[in-house]
Amino acid sequence: MSRAALLSGALALLLAGCAAQVPRAEPGADASDQPAEAGLRMVARQSEQAFAASGLRIEDQALADYVSRVNCRVAGPYCPEIRVYTAAMPDFNASMAPNGFMQVWSGLLLRVENEAQLATVLGHETSHYALRHSLERLQTTQRTAGVLLASQMGMLAGGVYGIGAGPVQVGAGNIGQLIASGYLAAYSRDQEAEADRDGFELMRQAGYAPGEASEVWRNLMAEKNACNLPSPPALFASHPPSDERLAALRALADETGAQGGAGRERFLAATLPHRAEWLRMELANRQLCRARVVIERLLAQPAGHGVLRYYLGELYRLRGEEGDLDKAIAAYRQALTHADAPPETHRDLGLALWRAGDTAAARAALRDYLDAAGQPDDAAMVRRYLERLS
Amino acid sequence: MPVTTCQPENRRLAGIARCAGLALLAATLTACIQTQPHRAAQPDTHPQPRVLLMPPDIVVLEIATTGLPLPQAQWTSTAERELVATAEATIAEHGGRLVRYRPADGVVPYAPAHRPAVDLHNAVLGTILDHRYSAGPSAPKLSTKGKHLDWSLGETVAPLRDDYDADYALFLVYRQANATGGRALLAAASFVLFGAIAPTSQAIGLASLVDLHSGEVVWTNVLQGQAWDMSRPDGLDDKGRKLLAELPL
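Going line by line, the protein sequences match chains A and B.
Reading the first sequence from the start, the letters are residues 1 to 390 in my numbering.
Reading the second sequence from the start, the letters are residues 391 to 639 in my numbering.
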């Protein structure tokens with residue numbers, strides 16, 4: 001066996017012993033006797049303070065209370081330690097800090113379809129907290145970094161003092177780094193898988209339909225595949241969807257065979273008032289393919305079609321590909337057949353018709369806008385448009 | 391641990407931690423203490439100015455042998471206690487009187503009425519640091535801004551002034567990283583063997599004084615150098631005194 005192989009094998013053995021084992025948190029326990037955990041909680045608290053004072057927080061107490069109630073249902077004894085914040089941020093994301101500071105992004109609330117799916121995510125995040133994954137990761141990184149450092153120092157020393165043949169030493173060092181990188185990445189995936197399993201159990205015990213857990217990932221995979229996003233796309237970095245995770249959650253649901261509620265009505269009552277703003281942010285994020293997948297999926301469900309059709313029209317207007325102007329006009333018109341279409345639908349339909357050369361219809365739509373919107377901020381501008389169209 | 395005062399021509403701040411951020415200064419910290427005070431024209435004050443000490447923004451880390459930064463809650467708490475005591479003593483020596491900010495209930499320590507001033511101060515201090523303290527050709531200087539200190543938080547400071555009957559607000563930011571013994575040994579070995587410099591202990595303190603009558607930032611200072619030795623309780627007092635030595639009260 002070559003020296004390089006021996007060295008890399010020794011490194012692999014060393015790294016295999018690096019995984020930190022951290023016991024599950026006792027509900028209500030503080031971290032005062034654990035300096036590493038206390039330090040993590042300290043910086044997490046500062047991060048929470050900055051977030052809580054920032055404009056990213058969705059200022060709707062009813063929504064915050066609703067999400068917190070769902071979290072308490074799944075988090076059980078950990079409920080008092082976890083503070084859930086809803087953030088006005090596009091994209092699917094949620095996060096948990098080691099002090100119980102949880103963020104749920106509006107892009108996630110837009111994408112999950114019911115309370116059971118929301119509970120799946122909240123259970124997953126609560127599991128990161130209960131299983132003390134931040135501390136575990138820190139300790140593992142420390143140990144792995146120690147081994148890496150030793151290998152790098154050995155490599156440097158070999159270079160300086162000429163111990164062994166140069167290529168062998170360099171090769172051993174590179175292999176060591178590769179092993180460590182893979183080890184850290186695998187560790188992270190292990191934590192996600194563990195949180196998936198633990199979170200699934202929390203949502204199931206809370207009485208939610210187990211089959212909804214895998215739906216979260218199925219929808220994300222559909223979004224990812226429809227838009228040919230790289231794998232794993234940066235936007236999903238914290239919760240990479242994968243066939244593996246989807247299959248694991250499906251298998252868990254099949255094993256339990258239990259029934260439960262989806263809580264779709266409660267979820268819609270809390271989130272529907274925000275859907276227009278969340279869609280606006282998704283479009284502003286310029287991930288138009290992903291936004292289209294989300295809108296079309298939501299259109300397959302019976303709620304909020306006026307808003308959805310309006311933003312589908314906006315999506316086509318922003319995309320501006322061949323034929324999109326006609327698609328936008330059609331979407332705006334469809335939106336206006338629903339009572340919840342925003343007043344702006346008339347205005348944007350009017351502007352689209354103007355661009356399409358139908359000035360008479362454009363005038364009518366802009367007048368409808370002024371009637372429907374009352375005294376909008378852009379009334380003077382729209383009247384000017386009407387003058388130009390007359 | 392002896393403290394060396396750098397000569398002005400040797401002063402170099404490669405990058406200042408932005409006030410809203412939590413990062414330490416980057417690479418070019420030297421093993422010496424540097425202070426760079428700036429002050430505006432002194433405003434009219436009461437005979438014994440009341441100085442409102444805002445909640446200090448302090449983080450103390452330990453740098454493990456591997457180079458990983460590990461936040462230390464206990465050390466941070468100790469550092470805060472020491473710095474506040476030093477600030478109180480220094481303000482008294484300058485003829486002022488310290489008034490402590492009463493943290494609000496909840497996660498955010500500031501009352502909603504005070505947040506605009508705090509947020510604006512963070513943004514303004516960041517710009518002051520960029521403009522006045524950053525060095526090098528790529529430093530983000532403001533071409534139309536002179537050398538005098540003429541930055542203002544405007545009317546946002548009124549609630550702080552009125553709620554505390556205070557003349558000034560003092561903001562303190564302190565970041566420190568202490569290397570473990572293993573890290574220090576590694577750094578020394580790296581330098582001797584390979585000529586490579588590994589980051590070890592370092593610290594930076596920022597202070598700014600805001601006139602609550604005019605809203606102007608009347609004084610700022612930056613202290614940069616070696617970390618406080620956590621085994622010496624008087625070490626931080628020394629740093630705090632240096633940071634606040636030229637407080638214009």
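Among the hints, erroneous ones may be present.
[To be verified] Cβ pair distances, simulated, as ranges:
#1 Asp553/B <-> Arg280/A: 19 to 27 Å
#2 Lys537/B <-> Ser54/A: 49 to 57 Å
#3 His521/B <-> Ala303/A: 24 to 32 Å
#4 Ser54/A <-> Gly536/B: 45 to 53 Å
#5 Thr256/A <-> Ala579/B: 55 to 63 Å
#6 Gln301/A <-> Leu532/B: 35 to 43 Å
#7 Ala269/A <-> Gly536/B: 51 to 59 Å
#8 Ala52/A <-> Arg490/B: 20 to 28 Å
#9 Arg490/B <-> Gly28/A: 29 to 37 Å
#10 Ala479/B <-> Leu272/A: 30 to 38 Å
#11 Cys289/A <-> Lys531/B: 37 to 45 Å
#12 Gly536/B <-> Gly323/A: 37 to 45 Å
#13 Ser95/A <-> Ala494/B: 36 to 44 Å
[Stated by the list, open to error] Where chain A lies over chain B, by a calculated footprint (3+ residues, C-beta under 8 Å):
#14 460 to 474
#15 494 to 505
Rather than coming from a laboratory, the hints here were simulated on the basis of the structure.
Heads up, the beta-carbon is just placed ideally off N, CA and C, and yes, glycines get one too.
How the hints compare with the structure:
1. Asp553/B <-> Arg280/A: 19 to 27 Å: Roughly 38 Å apart at Cβ, these two residues miss the hinted range, so it is violated.
2. Lys537/B <-> Ser54/A: 49 to 57 Å: With a Cβ separation near 33 Å, Lys537/B and Ser54/A fall outside 49 to 57 Å, so the hint is violated.
3. His521/B <-> Ala303/A: 24 to 32 Å: violated (52 Å)
4. Ser54/A <-> Gly536/B: 45 to 53 Å: violated (33 Å)
5. Thr256/A <-> Ala579/B: 55 to 63 Å: holds (56 Å)
6. Gln301/A <-> Leu532/B: 35 to 43 Å: violated (53 Å)
7. Ala269/A <-> Gly536/B: 51 to 59 Å: For Ala269/A and Gly536/B the Cβ distance comes to about 58 Å; the hint holds.
8. Ala52/A <-> Arg490/B: 20 to 28 Å: holds (22 Å)
9. Arg490/B <-> Gly28/A: 29 to 37 Å: holds (30 Å)
10. Ala479/B <-> Leu272/A: 30 to 38 Å: Since Ala479/B and Leu272/A have Cβ atoms about 58 Å apart, the given range 30 to 38 Å is violated.
11. Cys289/A <-> Lys531/B: 37 to 45 Å: Since the Cβ atoms of Cys289/A and Lys531/B sit about 42 Å apart, the hinted range of 37 to 45 Å holds.
12. Gly536/B <-> Gly323/A: 37 to 45 Å: 57 Å Cβ-Cβ, so the 37 to 45 Å window is violated.
13. Ser95/A <-> Ala494/B: 36 to 44 Å: violated (25 Å)
14. 460 to 474: holds (count 6)
15. 494 to 505: holds (count 6)
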